[in-house]
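K.L.:
Produce the entire structure from the sequences given, and follow the hints as far as they go.
Protein chains: 2
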Amino acid sequence: MTGISVDKARRYATISREAAHEGVVNLNPIQRGGILPEEARRALLEFGDGYSMCDFCLKGRIDMIDKPPVKRFLSDLASFLGMDVVRLTNRCRDALLAALMGLRRARGGSALVVDSNAHYSTYLAAEALGLEVIEVPNTGYPEFKVKLEAYKDALEAAEERTGQPALAALLTHADPYYGNLNDARAVAEICREHGVPFILNAAYTAGVMPLNGREVGADVLVSSGQKSWSSSGPLGILAMTEEVAEQVLVRSAHFPNKELYLLGCPALGVGLATLMASFPHVVERVTHWPEEVEKARWLAGQLERIEGVRQLGVRPKEHHVICFETPGFHEIAKKHKRKGFFLYEELKARGIVGIQPGLTRRVKLSTYGLTREELARVAEAFHKVAAKYGLDVR
Amino acid sequence: MTGISVDKARRYATISREAAHEGVVNLNPIQRGGILPEEARRALLEFGDGYSMCDFCLKGRIDMIDKPPVKRFLSDLASFLGMDVVRLTNRCRDALLAALMGLRRARGGSALVVDSNAHYSTYLAAEALGLEVIEVPNTGYPEFKVKLEAYKDALEAAEERTGQPALAALLTHADPYYGNLNDARAVAEICREHGVPFILNAAYTAGVMPLNGREVGADVLVSSGQKSWSSSGPLGILAMTEEVAEQVLVRSAHFPNKELYLLGCPALGVGLATLMASFPHVVERVTHWPEEVEKARWLAGQLERIEGVRQLGVRPKEHHVICFETPGFHEIAKKHKRKGFFLYEELKARGIVGIQPGLTRRVKLSTYGLTREELARVAEAFHKVAAKYGLDVR
Chain A
0 MTGISVDKAR RYATISREAA HEGVVNLNPI QRGGILPEEA RRALLEFGDG
50 YSMCDFCLKG RIDMIDKPPV KRFLSDLASF LGMDVVRLTN RCRDALLAAL
100 MGLRRARGGS ALVVDSNAHY STYLAAEALG LEVIEVPNTG YPEFKVKLEA
150 YKDALEAAEE RTGQPALAAL LTHADPYYGN LNDARAVAEI CREHGVPFIL
200 NAAYTAGVMP LNGREVGADV LVSSGQKSWS SSGPLGILAM TEEVAEQVLV
250 RSAHFPNKEL YLLGCPALGV GLATLMASFP HVVERVTHWP EEVEKARWLA
300 GQLERIEGVR QLGVRPKEHH VICFETPGFH EIAKKHKRKG FFLYEELKAR
350 GIVGIQPGLT RRVKLSTYGL TREELARVAE AFHKVAAKYG LDVR
Chain B
0 MTGISVDKAR RYATISREAA HEGVVNLNPI QRGGILPEEA RRALLEFGDG
50 YSMCDFCLKG RIDMIDKPPV KRFLSDLASF LGMDVVRLTN RCRDALLAAL
100 MGLRRARGGS ALVVDSNAHY STYLAAEALG LEVIEVPNTG YPEFKVKLEA
150 YKDALEAAEE RTGQPALAAL LTHADPYYGN LNDARAVAEI CREHGVPFIL
200 NAAYTAGVMP LNGREVGADV LVSSGQKSWS SSGPLGILAM TEEVAEQVLV
250 RSAHFPNKEL YLLGCPALGV GLATLMASFP HVVERVTHWP EEVEKARWLA
300 GQLERIEGVR QLGVRPKEHH VICFETPGFH EIAKKHKRKG FFLYEELKAR
350 GIVGIQPGLT RRVKLSTYGL TREELARVAE AFHKVAAKYG LDVR
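If you read the protein sequences in the order shown, they are chains A and B. Heads up, the first sequence is in numbering that gives the first Met the number 0, so the first residue is 0 and it goes up one at a time. Heads up, the second sequence is in numbering that gives the first Met the number 0, so the first residue is 0 and it goes up one at a time.
Careful: at least some of the hints might be erroneous.
[Said to hold, decoys possible] Using 27 angstroms as the maximum straight-line C-alpha spacing, the simulated DSS-like pairs for lysine-lysine come out as follows:
| hint | chain 1 | residue 1 | chain 2 | residue 2 |
| --- | --- | --- | --- | --- |
| 1 | B | Lys66 | A | Lys257 |
| 2 | B | Lys383 | B | Lys336 |
| 3 | A | Lys347 | B | Lys333 |
| 4 | B | Lys333 | A | Lys66 |
| 5 | B | Lys7 | A | Lys70 |
| 6 | B | Lys58 | A | Lys336 |
| 7 | B | Lys58 | B | Lys70 |
| 8 | B | Lys66 | A | Lys338 |
Just so you know, the hints here were simulated from the structure itself, not pulled from any lab data.
P.N.:
In structure tokens form, the structure reads like this:
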């Protein structure tokens, strides 16, 4: 009757996660801001069942639940972000998609202006909606710095190409490729002059560093629970000004209690429970941002001691995501029997994981939340691997 | 700088879930098929960090990860469902939305035929895409049985109204209001005759009862991880025939590795980990479906012993979701100082939760996975509350 036996299925019951074992340092840029503190791990078990948040739902809306205090939490989260209204979605990109759908309905517009370091999901959201993407260029190698002043030209190009103002302009606050931190205020100002809504993608910034959406002039701020809020996710944060919220949170014609572009309640058991439980941890940790930046700079300096290694992106680092070009390692990989995997495996043997297995031309990592002792271990491991294969370490 | 202090945030660190305490019987229809077995609770902790499944991602696609064995699991899941291809999404409704977007691009069509007992999210997905909804009627009170043969008229009406064949026809396999189980084969046949793709919403069936999509003739089968697969979710299952998969899983023009209508990788840490860990439990439990139906019938009979109580929907029960009209309780609520909340509170005092707080005109519950002892406690609690307020119990 079914195509698989219980016996065959049984192998999935015991899946485990090697990379999380004690003593392993994980440098993965998508993971560093998502690691759960102890209180969130307790919430995992308490709210593990998928609809656990819905036990005392009286209004058919997760954002209106008082017990546990979801409604109050969303209001506190909005305050923390300096925005008026917050809704949760299942991913940051779904928050963006909902915002674009709502803005399109309210204002029209068929072009989206984005920075050229935007995350791939920004392009996909635009493509899924049939929007034209107008890119704001960056300075290219080696800084790849987005030319913020060029938002003006891009907005004008959008209007010329589509015959109407752009639907919105999006800036990736810190990009996922080089970890360049952008000045959101500068873009917000250009958008305001052009009367175009400004969307800030804060997937790599809100939740790990101080960010006040109102102060930087964001009309919409989206972020990622599992990336930067120590939520088990999947969870997107959609924060808006009152004005944009009215446009985005339209109700269904058939079910007037339900918010159309969210497709009703996002089902947010454990993702929401861990976001809530981690919130004090997050509110506290953003105050340590200067120290996090300092740690990133320290490790960048340590890795640049290796022959040929150069930190790409803006210098000095202003963010925890760091990209290095590593031509020395790439030359070794060409001759190594494990090819590009040698670097990953050499580091793993030294208790360091999280760089992309197989890649040696460039190495991307994050220092967020690591102790100085752990960072020293990371630097030492890279130095030893370099020396083992004959690269100079100054 | 931020609008909330660490001290104020601290209250969220200790959120807890009263309704899950030991000894409490939870009858909530959305929850019964989602309760995690022990092996899934272990997976919760092991994969609690949001990107925990991505440690060994080599191809930038969660469905292609070999370690943990996500790729093999999705293939086994497809076999289990009798379908060719499975992808995961963040909710069942997102699976539906992706399918509709892909089918619309491949085939055209601007109307969606749906049964009149469809879940609200089906209507929202159609509305968000600007589709016209053509409803297939049901028999009304007291059975509310969908008139399956009327799919023919609805498909023809769709073609007449929009000048082209319907985009698709959707049947809610077991509906969330009355727990009526529908004969999917009958609708599949009508759809095939009309050359219209058939989507089966199996949110309340796949994962709790045997279901082979190929045998019933589904082109698309969607289901809900947290509703019926003991996954912590949020998680939707999108299962397709090979032919439909080619239409739905189109690649992005900008990022040809990414599936456009999924917006790339759904972020599926703990939702996916618990789906996998629970899979043997699920594969095993569907073989006990006849016993589950028998338990539903038993409780329906027990509650009908109370004056005025009548089971709505198809009789005898063929599914674990049961809706009762309860006019006796509704009369009591009118005079009770706690109004409609009295019933919820009386049951809760007896260790029974999960009926909608505040409602007494109708009561909806699920018997899925409860032991006979627990069901006896439920029956006794209802009987005692009825007797306490002067209702006859035969």
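K.L.:
Take the hints in turn and mark each one as holding or not.
P.N.:
Going through the hints against the structure:
For a cut-off of 27 angstroms, the pair hint linking Lys66/B to Lys257/A is broken: about 39 angstroms separates their Cα positions. Using a Cα cut-off of 27 angstroms, the hinted pair Lys383/B and Lys336/B holds, with the two alpha carbons roughly 19 angstroms apart. For the proposed pair Lys347/A and Lys333/B, the alpha carbon gap of about 67 angstroms is over 27 angstroms, so the pair is violated. Between Lys333/B and Lys66/A the alpha-carbon distance is near 25 angstroms, which keeps this suggested pair within the 27 angstroms criterion.
Restraint check for Lys7/B and Lys70/A: satisfied, since their Cα atoms lie roughly 15 angstroms apart, inside the 27 angstroms limit. The straight-line distance between the Cα atoms of Lys58/B and Lys336/A is roughly 21 angstroms, inside the 27 angstroms bound, and the hint therefore holds. Using a Cα cut-off of 27 angstroms, the hinted pair Lys58/B and Lys70/B holds, with the two alpha carbons roughly 12 angstroms apart. Of the pairs offered as hints, the one joining Lys66/B and Lys338/A holds, with about 20 angstroms between alpha carbons and a cut-off of 27 angstroms not exceeded.
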